[in-house]
Amino acid sequence: MAFLAAIIILWEMVFRLGIWPDFMFPGPLQVVQTLIRGFSEGNYVPALLNSLRRLFIGYFFAVVLGMIIGVLMGRFKSLEETLGTVILPLQSVPSVVWLPLALLWFSMGESAMIFVVVIGGLWNMIMSTTAGIKGVDPVLIQCGRNLGFGGGKIFTKVILPAAIPSMITGMRLAWAFCWRALMAAEIIGTGQGLGQVLMWGRDMGNMSTVMAVMFIIAATGMISDGFVFKRLEDKVYRQWGLM
Amino acid sequence: MLEIQNLHKSFGQEKVLEGLDIKVNKGEFLSILGPSGCGKSTLIHMIAGLESVSSGKILMKDREVKAPGTDRILVFQNGALFPWLNVKDNIAFGLSNVKAEESSGDSRAAKKTKKSKKDKFSDEEKQQRVEELMKKVHLYQFRDKYPHQLSGGMKQRVSIARSLAMDPEVLLMDEPFSALDEQTKMVLHEELQRIWLETKKTIVFVTHNIREAVKLSDRVLVMGSHPGKIIKEIPIPYAHPRKVTDPNLVEMEKVIMESLKDEIEKRTKEEFGDGYPMEESGVFSGHNYTMGDGI
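As they're listed, the protein sequences go chains A and B.
The working numbering numbers the first residue of the first sequence as 922 and each following residue consecutively.
The working numbering numbers the first residue of the second sequence as 5 and each following residue consecutively.
Treat the hints as calculated values from the structure; they're not laboratory data.
Remember, it's a predicted structure, so these values are computed and weren't measured experimentally.
C-beta: ideal position from N, C-alpha, C; glycine also.
A portion of the hints provided could be inaccurate.
As the list claims (entries may be wrong) - Interface residues of chain B toward chain A, partial, derived using beta-carbon atoms under 7 Å:
1. A84
2. P87
3. N101
4. A104
5. H244
Claimed, not checked - DSBU-like mimics (lysine-lysine), calculated; alpha carbons at most 30 Å apart, straight line:
6. K258/B with K998/A
7. K149/B with K1151/A
8. K1074/A with K65/B
9. K149/B with K1078/A
10. K1156/A with K65/B
11. K103/B with K1078/A
12. K61/B with K1074/A
13. K1078/A with K233/B
14. K189/B with K1055/A
15. K265/B with K1074/A
16. K1074/A with K247/B
17. K1074/A with K205/B
18. K1074/A with K233/B
19. K247/B with K1078/A
20. K1074/A with K189/B
21. K265/B with K1078/A
22. K1078/A with K270/B
23. K1156/A with K149/B
24. K70/B with K139/B
25. K265/B with K1055/A
26. K265/B with K233/B
27. K140/B with K61/B
28. K122/B with K998/A
29. K1078/A with K124/B
30. K998/A with K70/B
31. K1156/A with K270/B
32. K149/B with K130/B
33. K205/B with K1078/A
34. K70/B with K1055/A
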């Protein structure tokens, strides 16, 4: 907290030195004012809601598809040896790179952006799920067989639940990656989201708006991670005896 | 009840078990005692059907064991509880797999007739069984707790209750108390003895702890290693329940220690080289009757 305050004070001091003109380097007070004005004039809330809608839709598909593919890859070695080898290189491609292709494939800008969000979270979700399925303690599987369960039941009653912690971690990472992917896509693409407000600020030469939007992006990411995902992850890891 | 005939097991080139012949009588408490690495864990996993047989036979009520079956339930070394289930649900976990007239081993046959076979216990019976077992192992007030909230001894009691819930013909135990501290171990010895006397289950108990084997068993099979084989059979003819301080039992411990002398010398030489002063070390005259990993 003290560190944060120090940074804000430092920022204000640099601002007061007046090295750069106001519009290029706004001070913290200006940014706060812009934030308040933006919210009270109703510019930010619709943009934020638009962005969140895209995020939720894209994230949903990323998680569902990622789980399905991840589970299949964890189960079938042949799939892991084929599909698995391309996942890692695909993951190192920033998802926004897919946007030009997506814009071409989906005539609508909205679908293209959601596609980029899905791609943003998908690879991580797949890898975490696969790791979870493959990392199940073999003693638990033996114990399940010992208690009379056969292949299919072992999978649903032992392997899947045992893989939940890893999947939760995957969901947490996927959320962060989807959020980043969306912001990149919105800055380049179209539609009424936070990314557009940020670009609008740039076009107007209003860095105060740019910074205000950056704050909203950071805060949204932090709040969702801290209040939802981190808590869920901690709870699950504690119960599964992993921490 | 359970019969093992000329059983061999190798992992690749390494012979783990060689020519084992064991007969387990109904209601008997049989311990298999041996140093770490003698293959006793592999043996009990094979009886449970979790490990394949290289050659020889394991017969359960005259039927060959080829797969896991609910007539033989194994209590694992570390409890192997499911962390996402509370005590009650862990104990009830396998209950729906217990079918009426469940017979040994052959899961393929069981699968074919699955639909026609009814659960051995009705839903009320299942619930009642779980409640009774929770009381039997003194965990009723912890029924809603999860494994991470339990101590090592409690986890092992849940594991025992979960195995008993299946109403197996033979209860297999793979060093169930080896990870526990000495006090907890003593309490659980009493508990297990009481449970055994009450339920009259046949128990095959694998351990490296001589005192434990002597206190609990009707008969102790001493195993040697590389490759694993039975080197001595020692009946413990005293009435249950027993006290570890009973001079007869202390005498028994000495007999077993003596029978293991060659084995320990062999292993010590392997690990320390020839220079270890075996006679002066007091291994055979002291009070160190448990064989841990560090011999």
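Hints versus structure:
1. A84: 4 Å, holds
2. P87: With a minimum Cβ separation of about 5 Å from chain A (threshold 7 Å), the hint on P87/B holds.
3. N101: N101/B check passes; min Cβ-Cβ to chain A is 3 Å, inside 7 Å.
4. A104: 13 Å, violated
5. H244: 27 Å, violated
6. K258/B with K998/A: 53 Å, violated
7. K149/B with K1151/A: Given that 30 Å is the threshold and the Cα spacing comes to 23 Å, the pair holds.
8. K1074/A with K65/B: 27 Å, holds
9. K149/B with K1078/A: 19 Å, holds
10. K1156/A with K65/B: Violated - the C-alpha atoms of K65/B and K1156/A are around 47 Å apart, more than 30 Å.
11. K103/B with K1078/A: Holds, at about 19 Å.
12. K61/B with K1074/A: 29 Å, holds
13. K1078/A with K233/B: 37 Å, violated
14. K189/B with K1055/A: It is violated: about 34 Å lies between the C-alpha atoms, which goes past 30 Å.
15. K265/B with K1074/A: 47 Å, violated
16. K1074/A with K247/B: 44 Å, violated
17. K1074/A with K205/B: 28 Å, holds
18. K1074/A with K233/B: 36 Å, violated
19. K247/B with K1078/A: With Cα atoms ~42 Å apart, K247/B and K1078/A exceed 30 Å; violated.
20. K1074/A with K189/B: 34 Å, violated
21. K265/B with K1078/A: 47 Å, violated
22. K1078/A with K270/B: 45 Å, violated
23. K1156/A with K149/B: This hinted pair holds, its Cα atoms lying about 15 Å apart.
24. K70/B with K139/B: Cα-Cα ~34 Å, so violated.
25. K265/B with K1055/A: 43 Å, violated
26. K265/B with K233/B: Answer holds: K265/B to K233/B is near 15 Å, not above 30 Å.
27. K140/B with K61/B: 35 Å, violated
28. K122/B with K998/A: 36 Å, violated
29. K1078/A with K124/B: It holds: about 21 Å lies between the C-alpha atoms, which stays within 30 Å.
30. K998/A with K70/B: The hint holds at about 26 Å.
31. K1156/A with K270/B: Outside the cut-off at roughly 50 Å; violated.
32. K149/B with K130/B: 19 Å, holds
33. K205/B with K1078/A: Holds: K205/B and K1078/A sit about 28 Å apart, inside 30 Å.
34. K70/B with K1055/A: 26 Å, holds
Violation of the numbered hints given earlier is confined to hints 4, 5, 6, 10, 13, 14, 15, 16, 18, 19, 20, 21, 22, 24, 25, 27, 28 and 31; the remaining hints are satisfied by the structure.
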